[in-house]
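Visitor: Chain residues, written in single-letter form:
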Amino acid sequence: MRYSLQRIGQAVPLLLLVAVLIFGMTRLMPGDPATTILGSDATDADITELQQRLGLDQPLLEQFFTWLLGFIGGDLGKSYITGRPVAGMLAEALPVTLSLAIGGTLVCLFIGIPFALAAGANRKRLPDYGVLTGSLIGISVPSFVLGIVLVLIFAIWLRWLPSQGYVPLLDDPSKAIRHLVLPSLSLGLMNAAIVARIGRASVIEVLGSDYIVTARATRVSRWSFYLRHVLRNALIPIMTVVGLTFGTLIGGAVVTERVFNMQGIGTLVLDAISRRDYPVIQAAIFLVSVSYILINLIIDLLYVVVDPRVRFDD
Amino acid sequence: MTSKSWRRAVLAAVAATAVAATAACSGGGGDGGDGVLRVRLAGSPVSSDPFREISTYPWDVMRNVYEGLVSLDENYDPIPMLAESWEQNDDGTQVTFHLRDGITFHDGRELTSADVVYSLDYYRENAFRASDLAAVESVTAVDPLTVQVDLNRPWGNFLVALGAPIGPVIVPEGSADDDGLVNEPVGTGPFVIDRFSESKVELSKFEEYQPIDLPTSGFGGAKEALVDRVEITVVEETQTAIAGMETDEYDIVTEFPPLERDRASSIAGWTLADVTGTQLNNMYINVGEDGVPDPQVRAAALAAIDRQKLLDSTSRGAGEVTHSFVSPDASWFDEQSGEYWPWDGGIEQAKQLLADSDYDGAPIEVMSGLDEQHDNAVLVGQALEEAGFTVTLTKLDFSAYLERLNAGDFQFAATGTAARIPVDNLYNEWYCDGGALDKRFGYCDAEYDAIYEQAVATVDADARNALFAELERKLKDEAVIDPWYFYDNIVAVRDNVSGFEPAPSGFLSLWGISLEG
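Chains as they are written, first to last, in the working numbering: chain A, 50 to 363; chain B, 485 to 1001.
Here chain B stands alone, though its shape is the one from the complex:
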């Protein structure tokens, strides 16, 4: 066989492969259109069972499917949802809820107090975060539309806890038994789950949904589904998601990276929407014997860190520097304590503090668990070295990082923290309850614990918030906490999408969004 014949044979084989492979080609790209809103989610929704999921991605889906007795407005204050009103006794140990009449679940059943009793009891007994409702003593159906909740102690933020974006929702009686909601999710929300897998969720509009007669605000208010169907696709890889924008695979791309802003502007038909979020990057500090017990050494580290530099370097400035874990949007944000920061003297203050301390030059470890946190850890390490510290950096996978964190086996840890709602959950982290996790931050202070207990039990919001503010100042004065910056929630939106606004919480709300054309 001559070489010419062989060349023909080879080319023929390759061409045949190419022709066969593209035989059905009629153009690439996604389908679009037909009233289907296509959304990219950066992480797996994992499960449709609201009692077992506590991470954010599952709730990006579930917040559109399930509802609770109350919800939270844009200031994180409780507003009616499935309960139209409530009364609370003077010491905050009993709340009586009056349910809205005529609300139906996705399976057609009508909401009654029996469902509420079942849901809250199920949460207290089986939810992965059952301790969130540890203060609930009993839940009783007074009549078909009235539920009484008794607490075993006064709890000022009980209603906020009920309306938390990741929290107890109401499902039909018996539906959660034997992992029932894993296979057949049933809620009262504006969308119904038609198909659920770890990589893709298909929702359809719940035609019998009855929006509450309140302005849309935060996680609640009137929630109207304006699209018939939603397809949520999990795309973990950022570059793949951006390629999907260019090939019309999606209408909304969540968690758009700030580093790719310029690229987004070059893709026709897309706009970036952003808002300063309530999720922040910060540093955890272990003040115990195995951590950094000397407050002056800790203070030196805090003074050395340039938070604006961290924000500019790792998030291209997409966010706001903060000295508080609490978002300014929250009604419990205290401006005085929130903006108070005693360690803003920069490198000079850091050097002075370190020189006055007993620091002996031993290596200080900065630990991180996620790639984006490691970038911050590197910059923090450089700042600490400039101040005179000897620094080692440790990057772990997330599970290993959590194990060391919970064991108190760290000194500094670069991390990201979601908004803690209610704020009790935030300050609880430094509260000593005698459990194994007390060693996480190594902080046990009787005065702190007393103020914390009083704050949690205070029913009056202003008085309660003042006590939490006092805790915040104390932690800052003792160099126990180190918030850095809130980062923006950036979402890429196709020009045919209207009504979408990114939420500061980062959660995906599908109501009020429509497609044009």
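Chain A with its partners taken away, still in its complex shape:
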């Protein structure tokens, strides 16, 4: 509890710094929202009028505090481009991103961990070499290339799965899952390869420990031996990778979103940047930052659950 409160307390100045950086970076970008909205045949009068309407003629410090105070009060502002509340736009994009992040992470776990165990338990034998080779390929192939290949095989040739689109889970669960399979594989397989390699190293280290020798000598079943004694002790580095993976995916897998035509946070941010839609850029990046900090905090706390030897002492 104390550790958790300390971490949360540390996050506050960090987030303030993030807010300053985000605001500063958006204002440093060349081009301005009014000109981008109005296009190349805009008149002086229109540009000036729109800049005033959007508050862009105010001093930068005033703009910053107006935004920050509104943000703290729960008002994320309105999009310069759509006129819609930014909160609503984020609320639409977040389920897509969460679906992709969860799907990708599940693929990462269900493929990465078994292969890590298989490789670690069969060091310098065929399964180990297979996993090492396969994981190298998995890490090397960009996710969007994999995505395109998966679409070609499973959607176009075999017609097993849809090639694109997103369906909310509550609208139609079965259709939603079908639409998530290929993008989840596209995102998750590369991370599964990373988990397999790191997990393999961790499993090998654990298998060389004295307590494992003792465990082998007892009459525990093979499953219990590998799951309770080996995997549990090898989980810490795996969890770290998985946590980083999930956090990165929350930040938006924009290329995968484009390949599969799913409008998540990544696409939202990319479009907002190209349009100089400052309120959306600032809110979305801030949200991602908060998510990343929270996820890392949760992962740190899970260390204690996985390995009771871990203590967050002074």
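Worth flagging that the hints you see were computed from the coordinates, not collected in a lab. One or more of the hints may lead you astray.
Claimed, not checked - Capping the alpha-carbon separation at 25 Å, the derived lysine to any residue pairs in SDA-like fashion look like this: (1) B:K684 - A:I151; (2) B:K684 - A:R208; (3) B:K958 - B:E804; (4) B:K958 - B:E832; (5) B:K958 - B:E856; (6) B:K879 - A:V303; (7) B:K879 - A:G88; (8) B:K879 - B:E832; (9) B:K684 - A:P144; (10) B:K835 - B:A846; (11) A:K127 - B:E804; (12) A:K127 - A:S323; (13) B:K793 - B:D813; (14) A:K224 - B:Y824; (15) B:K684 - A:D90; (16) B:K879 - A:V304; (17) B:K879 - A:L143; (18) B:K923 - A:L143; (19) B:K958 - B:Y824; (20) A:K127 - B:D575; (21) B:K923 - A:D90; (22) B:K689 - B:K923.
With chain A held as given, fit chain B onto it using these hints.
Guide: Below, chain B alone, put in the same frame as chain A:
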């Protein structure tokens, strides 16, 4: 645990994942059918508020939902829409519109002159392009079906401006206040917006729609909705859209790239429909001190460029070379000035002009803001180098490109330009009004300004068009403009779709389209 057991365990885990993942599989592909027309749009419709959107994708949707007092036919001449007739005074400073009786909005309210007054006033005060109606002095309701518009100066193309494909539309009184149309769009068009997001729009047929008794033409005439529902999905990635064609996700795929023509022909059940568009690729030229002030240097550059080569290379020949910004379809197109081009001597003329100029070998920059424009910029750079120029190429993101363009911080800029309707908006770009944007092209010419002002104020169409033609010749003689080619509007259409024709403007018109089977 033996390796064999582990192999089984691993395979079991992978198989379990695969089975779980495909457990609900009953075949891929889209739903189709059920009278729903599924359309792919290449860019986001962004918002359903017609007063804030001025880019083309939002209007691909909104042109089917909202209507104005007038519309434009296939020659871009004004035709009745919500107004059934009008009278204009002799000097063009007053127009009285007579509204069609019995027209209802999507929310059931009946159209009256109060709605027209509200809509035009709201546009003048709040629209992002309010300056489009800067000449409107007042809008007055004479009676429930009559509206009088007074202008503060004679404006020959006022009616064309009212009917422009991106322009003032009529909405119920009060509906636009507090961004009301963002959440609840209400128009008079043949389709109603049921659901709107940046990535997907769902429309349904407006059962109470009353088509005007005129032939369907251009943006107007009788507009009959023949499908009950339309689903418009935004798919920005071209390859994803093509994959969607193969997996039956769509019925119409707009902006089909010319480079993928061969691939489309291999997809069963699809046909490509194309028409030469009114959107063109061209080069902007800054003639100011920071640009290319020497007319001979500019002329040398224009002579060096092989426009057919640009068209063939970047658009696979899908389009037509032009020497005018104005489409030949437009009633204001002047054949003589439109086809006039004094710089068609090719590389030899370019070399001669450059040799006779004061060009000192300093690098000339060709700027571009979009990927497709950059391809043209590269070819232009090669042509200029062949003529003897030293060239640098600069590729920027679109916002940065616009910033430099508006600041006049460029020399040549490869760009794309949509048809300017009315044509006043086109020639306005080189008109000096004392504003900051005068430095965009660095062109300030008293004679040009005088002709422009006279053209805008001329009510007689033939006389007005002759004046605009004079402006076009002047800009060409001085090597200030450089149109290249109109590119085709190519749309992929499933064989079960009938009644669809791609529009030269590129806008999506959903009326008159039906699904078979």
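Visitor: Which earlier hints can't be squared with this structure?
Guide: 5, 8, 11, 14, 15, 17, 18, 20 and 22
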